[in-house]
Amino acid sequence: MATAPLHLAGPRFRIRDATPDDAPAMTDCFFRSFNAPFWQYFIPDNKGDRKWWTDAWIMGLENPTDRSFVAEDTENGNKIVAFSRWMLPQSDGNLERKWPDLPDSWDMEVAGAFFGGMEANRKAMMGTRPHWFLEMLGVHEDYQKHGIAARLIKWGTDQADKDGLDTYLDGSEVGQPYYKRRHAFTKDEKDVDIPDRPQYGSFHYKSLVRGPQPVSV
Numbered sequence: 000m001a002t003a004p005l006h007l008a009g010p011r012f013r014i015r016d017a018t019p020d021d022a023p024a025m026t027d028c029f030f031r032s033f034n035a036p037f038w039q040y041f042i043p044d045n046k047g048d049r050k051w052w053t054d055a056w057i058m059g060l061e062n063p064t065d066r067s068f069v070a071e072d073t074e075n076g077n078k079i080v081a082f083s084r085w086m087l088p089q090s091d092g093n094l095e096r097k098w099p100d101l102p103d104s105w106d107m108e109v110a111g112a113f114f115g116g117m118e119a120n121r122k123a124m125m126g127t128r129p130h131w132f133l134e135m136l137g138v139h140e141d142y143q144k145h146g147i148a149a150r151l152i153k154w155g156t157d158q159a160d161k162d163g164l165d166t167y168l169d170g171s172e173v174g175q176p177y178y179k180r181r182h183a184f185t186k187d188e189k190d191v192d193i194p195d196r197p198q199y200g201s202f203h204y205k206s207l208v209r210g211p212q213p214v215s216v
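Start counting the sequence shown at 0; every next residue gets the next number (numbering that gives the first Met the number 0).
To be clear, the hints were calculated from the coordinates, so they are not data collected in a lab.
It cannot be assumed that every hint is accurate.
Stated by the list, open to error - Derived lysine-lysine pairs resembling DSSO-like cross-links, with alpha carbons at most 27 Å apart: (1) Lys179 - Lys153; (2) Lys122 - Lys189; (3) Lys161 - Lys186; (4) Lys78 - Lys122; (5) Lys144 - Lys205; (6) Lys144 - Lys122; (7) Lys97 - Lys122; (8) Lys97 - Lys189; (9) Lys205 - Lys153.
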């Protein structure tokens, strides 16, 4: 399947490495990026869950196998409007991830299916083969469709193409067509089974794999 041309954000949006000082703004951006009924139920916007996300960002920044990025709006006081976290390829597949303990207030059946399903899928699909992994990606609701996500994704897929390696991510039902059509995540896919709840109905995630693409010379 041929991929459609990418629309990449212009220089107004500066991409840079994230720092621990960015963690609270990244958390705020998360809650403005992921606000569908599923997320409002699973990880509601409150003081405790904001602290959990901020701790998660800082923990990831301390991991030498991770690269976390933010996108700043240079025309709006360098406001952080997007984020990504890539895991670099490891010889053992880099299957173990560090996260803060899950809050007791969460629906543990949903949390186990969500996080555990993603982990199980990656192990089943990638084994211990080195690969690039887009672990997290979010764009503030006011800044979507500006090509910011495309730039954050392309950074990693370009590395994967140079290395001749697969790229892996977990995508929502809304995001899956975009990942496939624009970024060639069409090599393999597998459902993440998440329980239904009256608060959000059904929510569908898939694990997607992109094979390395030819590198232009």
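The hints, checked one at a time:
For the proposed pair Lys179 and Lys153, the alpha carbon gap of about 13 Å is at most 27 Å, so the pair holds. With a CA separation close to 12 Å, the supplied pair Lys122 and Lys189 stays within the 27 Å bound. The hinted pair formed by Lys161 and Lys186 meets the criterion: a straight-line CA distance of about 17 Å does not exceed 27 Å. Taking the CA atoms of Lys78 and Lys122, the gap is about 36 Å. The hint is violated against a cut of 27 Å.
The hinted pair formed by Lys144 and Lys205 meets the criterion: a straight-line CA distance of about 22 Å does not exceed 27 Å. Our distance criterion of 27 Å between C-alpha atoms is broken by Lys144 and Lys122, whose separation comes to about 32 Å. With a C-alpha separation of about 16 Å, the suggested pairing of Lys97 with Lys122 holds against the 27 Å cut-off. The suggested pairing of Lys97 with Lys189 holds, with an alpha-carbon distance near 23 Å, which does not exceed 27 Å.
Using a Cα cut-off of 27 Å, the hinted pair Lys205 and Lys153 holds, with the two alpha carbons roughly 20 Å apart.
This entry does not satisfy hints 4, 6, going by the numbered hints stated previously.
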